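What follows is each chain in one-letter form.
Number of protein chains: 2
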Amino acid sequence: MNDQKISEAVIRRLPQYDRYLRELERLGITRISSGELGKRMGLTASQIRQDINCFGALGQQGYGYNVQELKSYIEQILGLSEPHDMVIVGAGNLGRAVCNYPGFLRRGITPVALFDRNESLKGIKVGELTVQSMEEFIPFLKENPASIGVIATPRQAAQEVADLMVEGGVRAIWNFAPVDLKLPPDVAVNNVHLTDSLLVLTYRLRVISDRKNGEP
Amino acid sequence: MNDQKISEAVIRRLPQYDRYLRELERLGITRISSGELGKRMGLTASQIRQDINCFGALGQQGYGYNVQELKSYIEQILGLSEPHDMVIVGAGNLGRAVCNYPGFLRRGITPVALFDRNESLKGIKVGELTVQSMEEFIPFLKENPASIGVIATPRQAAQEVADLMVEGGVRAIWNFAPVDLKLPPDVAVNNVHLTDSLLVLTYRLRVISDRKNGEP
Numbered sequence: 001m002n003d004q005k006i007s008e009a010v011i012r013r014l015p016q017y018d019r020y021l022r023e024l025e026r027l028g029i030t031r032i033s034s035g036e037l038g039k040r041m042g043l044t045a046s047q048i049r050q051d052i053n054c055f056g057a058l059g060q061q062g063y064g065y066n067v068q069e070l071k072s073y074i075e076q077i078l079g080l081s082e083p084h085d086m087v088i089v090g091a092g093n094l095g096r097a098v099c100n101y102p103g104f105l106r107r108g109i110t111p112v113a114l115f116d117r118n119e120s121l122k123g124i125k126v127g128e129l130t131v132q133s134m135e136e137f138i139p140f141l142k143e144n145p146a147s148i149g150v151i152a153t154p155r156q157a158a159q160e161v162a163d164l165m166v167e168g169g170v171r172a173i174w175n176f177a178p179v180d181l182k183l184p185p186d187v188a189v190n191n192v193h194l195t196d197s198l199l200v201l202t203y204r205l206r207v208i209s210d211r212k213n214g215e216p
Numbered sequence: 001m002n003d004q005k006i007s008e009a010v011i012r013r014l015p016q017y018d019r020y021l022r023e024l025e026r027l028g029i030t031r032i033s034s035g036e037l038g039k040r041m042g043l044t045a046s047q048i049r050q051d052i053n054c055f056g057a058l059g060q061q062g063y064g065y066n067v068q069e070l071k072s073y074i075e076q077i078l079g080l081s082e083p084h085d086m087v088i089v090g091a092g093n094l095g096r097a098v099c100n101y102p103g104f105l106r107r108g109i110t111p112v113a114l115f116d117r118n119e120s121l122k123g124i125k126v127g128e129l130t131v132q133s134m135e136e137f138i139p140f141l142k143e144n145p146a147s148i149g150v151i152a153t154p155r156q157a158a159q160e161v162a163d164l165m166v167e168g169g170v171r172a173i174w175n176f177a178p179v180d181l182k183l184p185p186d187v188a189v190n191n192v193h194l195t196d197s198l199l200v201l202t203y204r205l206r207v208i209s210d211r212k213n214g215e216p
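Chains A and B are the protein sequences, given in the same order.
When the letters of the first sequence are read in order and numbered with this note's numbering, they come out as residues 1 to 216.
When the letters of the second sequence are read in order and numbered with this note's numbering, they come out as residues 1 to 216.
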């Protein structure tokens, strides 16, 4: 796979492709044209063809894409060919939401443990998991290596938790704390900034309101 | 404001600019060059200049940007010049996380009410709010118009809740349910797909692993 060729914008669209292709599979659709897929995804046919050419030619002109084949290929690019175990630190509402979120398991990503430094939460059940104390964090990871770590703590604790994750062999961090983590270059990270997402919404609302009020 | 000129990629960066500019303000920095701002944000100086030119020239060659001025301007573009009230439907972990999330209030976005159709949750305190029954939803909105509605329900309930929000005068929907809502064109929407964000992480992890294993 030539990853150099794939732009950030395409990377961000890959999970969308996966989502739509899974939906097509569920509907029993086995082939789809770039035009039809584009219509569903709100993209042009040529955009779809460009994206898919980015990661290797799969379609045949006039025949469309094989849904199952394209989905497998995209999931391989997304690193879903092998299963992932995921540990979560922070048993507040966000950490609990991640534990219970449907859709991760379907992709082979399994929440395996939940930790919190608040000792009063120790032993509480969250979905299938039981909250463990932070003292058990490194020993747990030694026994049960996990590739993904989720940081669902307040921002003040995030860097310390990230350091512990790296020490415990976690190779990818999904960070919900509003802070830029300092990490070794071989540890992957993706930050979820909920506020950013809300402000994109207020932007769109402002554009619609201006249009209604006749402003440019 | 000429919104036609602003691309999706720039829109997605606007909240980041806001975040970094707020941080600069906090640090007491009043002017910043495109190079320095770029370094902090992980963008090139020319990218920064391009972005900012997109929404109107503010910098003076050689003098950098006035932090406070640029922040105000970006917040105006983001629709933050006026305050927003926000109602939340779904008092599960995600809905509760949104109610308690720090950072919204600072931007003038206030969670004002939380609803759930599960009657057994009625009356429960979540942060400053008390869970209300769905029967109170439309009457509440009539008395207390809110511009933003948050859908934090299972996917099956999402469209029905969206319809109620539109009926109640909500003009922007922040949707956490993994479903594409059907909405009138004058209602803004932004979908949060948590799985998409996690798959961008597994993508990055796969790229790093391939590189380590000497694959292209």
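Please note: incorrect hints may appear among the correct ones.
Since the list gives no way to pick out one identical chain from another, each pair is judged satisfied if it fits inside one copy or across any two copies.
Derived pair list, reagent style SDA-like, types lysine to any residue, alpha-carbon separation capped at 25 Å [what the hints assert, rightly or not]:
#1 Lys125 / Tyr101
#2 Lys212 / Glu135
#3 Lys125 / Leu181
#4 Lys212 / Thr44
#5 Lys39 / Arg26
Honestly, the hints are just simulated from the structure, not real lab data.
Predicted, not measured: the structure shown is a model, and the values here were computed from it.
Going through the hints against the structure:
no.: 1; hint: Lys125 / Tyr101; in the structure: both (15 Å within a copy, 23 Å between copies)
no.: 2; hint: Lys212 / Glu135; in the structure: neither (57 Å within a copy, 31 Å between copies)
no.: 3; hint: Lys125 / Leu181; in the structure: neither (29 Å within a copy, 33 Å between copies)
no.: 4; hint: Lys212 / Thr44; in the structure: neither (27 Å within a copy, 36 Å between copies)
no.: 5; hint: Lys39 / Arg26; in the structure: within (18 Å within a copy, 45 Å between copies)
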